[in-house]
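> Here's the letter readout for the chains.
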Amino acid sequence: MSMQMALPIAMIPGNSLIHRITPLPKMIWVVGYIVLAFSTTNIVILYSMALFAFLIAVISGVTRPLLKACVILVPIASSLLALQIIAPAVEKPWTSVGHIGALALYGNGVYYGFVLLGRIVASLIMALVVVMTTHPSDLFTTFAKLKIPYTFNFMLAMTLQLIPVFQREVGIIMSAQKSRGMKGRGFSAVLPSFVPVFVGAIERVQQLSISLESRGFGSAGIKTSYRQVKSRPSDWVVAIVGVVAIATLATMSIMRGTWNLSTVILFPHAFVFWLFVVAASVFAAVILVTVFYMFKR
Amino acid sequence: MPEPIVIFDDVSYAYPGTEELALRGVSLEIQAGEYVAILGLNGAGKTTLGLCVNGVIPTMLGGELTGTVTVAGLNVIEYPVREMAKVVGMVFDNPEFQMSQMSVAEEVALGLENAGVPYEDMKRIIPETLELVGLSGYEERSPLGLSGGQQQRLAIAAVLAMKPNILIMDEPTSNLDPIGKQEVFDMAAKLNRERGMTVIVIEHEVEVMARYADRVIVLDKGRVIMNGTPDDIFTRVTELATLNLRVPEAARVATLLAEKDLWQGPVPIRTEPAITAVNELLGATHA
Chain A
6 MSMQMALPIA MIPGNSLIHR ITPLPKMIWV VGYIVLAFST TNIVILYSMA LFAFLIAVIS
66 GVTRPLLKAC VILVPIASSL LALQIIAPAV EKPWTSVGHI GALALYGNGV YYGFVLLGRI
126 VASLIMALVV VMTTHPSDLF TTFAKLKIPY TFNFMLAMTL QLIPVFQREV GIIMSAQKSR
186 GMKGRGFSAV LPSFVPVFVG AIERVQQLSI SLESRGFGSA GIKTSYRQVK SRPSDWVVAI
246 VGVVAIATLA TMSIMRGTWN LSTVILFPHA FVFWLFVVAA SVFAAVILVT VFYMFKR
Chain B
23 MPEPIVIFDD VSYAYPGTEE LALRGVSLEI QAGEYVAILG LNGAGKTTLG LCVNGVIPTM
83 LGGELTGTVT VAGLNVIEYP VREMAKVVGM VFDNPEFQMS QMSVAEEVAL GLENAGVPYE
143 DMKRIIPETL ELVGLSGYEE RSPLGLSGGQ QQRLAIAAVL AMKPNILIMD EPTSNLDPIG
203 KQEVFDMAAK LNRERGMTVI VIEHEVEVMA RYADRVIVLD KGRVIMNGTP DDIFTRVTEL
263 ATLNLRVPEA ARVATLLAEK DLWQGPVPIR TEPAITAVNE LLGATHA
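Residue numbers (this note's numbering), protein chains in the order written: chain A, 6 to 302; chain B, 23 to 309.
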């Protein structure tokens, strides 16, 4: 096992158009995406947003790592859709589209299933693209400019920084435990390594706090920043376009009562039936694979 | 004669929640520009002594301190650690535990940022400091991706950037391989000789200390029991042995030979003169 697992969500170095945008406009887009995603139930808007975010990922050249990180969507999507078909989150009466044994399947919830999924997919992709194209230090410098308290900012940065460290530490401790004949794979092997990792973490944090204080960390005076984030006119354009586009769509949605298309877009019964079969099988497979790896010797 | 830069006057200290004193009536003086090695077994009070100099004890860690520690004319009790940081830079044994930033340059910048140094000055100081520790060109690398020796040199750079007068290194090479050790000690020696920086090293590596240090202070159970030049201290082989402390091999071998009347003259503490002396001795026997 490699000791240095790459963090699935980290900056992918590059020099694309998107990489060169400063963090603030990007943050505006992420926040805007989340606001819009939750102010509409229009799946055309939601999936257009997801598609647009994906196009940005393609332009940035982060498609592969993005798709890797999006694996997390598989269990979410499959369980969400399967559940909406068994137990729709809409008022009764429900129209049955078929049966599998004693299990009745309904078509009413499918639209809402896709809405929920669309919100997650669109926001997630946009957020990932921004994380993958922004240097964390620039991000924190921007936070600092926005008057987010220094300690809080540092805490966030430190957390990001420590994840790979702890991953490596878990790896080392697991290897040590394997060499003493303990299980070396799966979740049940990770569990006993938690105590040593946490003890190590406390020690590390104590040492770090002394080291930081020795470098004037607690200083009350004005702090300066080595990383300089300079906005160019193009950054303003990106920010303004983002604000205008999102505000327009959000207002239009809210004016039309979330612009719901559930009465317009109807799903054929066969489609719902097969959607359930596929979603349920995928979800079952995810669970089986997880359980298999958990108890694998 | 200039005022000593570090003065311990009858200092005793107990960590919070303990009765036992970690330092017992320590009095010593360190002159500006000196290279001082502090030796002692684990628990002898070496690290405690170091932490007193930069004020982490008692300001950060609490506990009871009696006596006075004066560093560059400042009574450490009266100043927060962040103020002392401008005078004293301290690096610790585990370099990785001292890294907190995403890149080498930012790691060096941290202390400067905290001190409010303007960006234009940082742009000049950071490359200078990295050059000094031999890490030029590593600016954008992640500190966690460096080797142990490089990390420790970075940790040193991070405190050097703040231009302290005193550099304290607490077992700086205990996690390093021989090359890493060499890198760190060479650098400390260079800073001491070329920049007149006061260097205080807490170390077990007696060979290295015999080579570089101007003065050796031996602690045992919180007391200063020896304080003198390396030549004075490291030739007291039997005394150090009763304290379970190592002495340089050269001194040990020469003392053993002297006991059997096979060695004349002063006991060497560095390896090279010992080799020359042994060769002469062998040459004399063979002739």
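Each hint should be verified, as a subset may be incorrect.
[Claimed, not checked] Across the chosen pairs, the derived CB separations fall in these ranges: (1) A:T156 x B:P149: 27 to 37 Å; (2) B:P149 x A:L151: 27 to 37 Å; (3) A:I77 x B:R233: 26 to 36 Å; (4) B:R215 x A:L196: 51 to 61 Å.
The set of hints was computed from the structure by calculation and includes no laboratory data. Model, not experiment: these values are computed from the prediction. All C-beta atoms, glycine included, are put in the ideal place defined by N, C-alpha and C.
> Kindly indicate which numbered hints from before are broken by the structure, ordering the numbers from low to high.
Of the numbered hints, just 3 does not hold.
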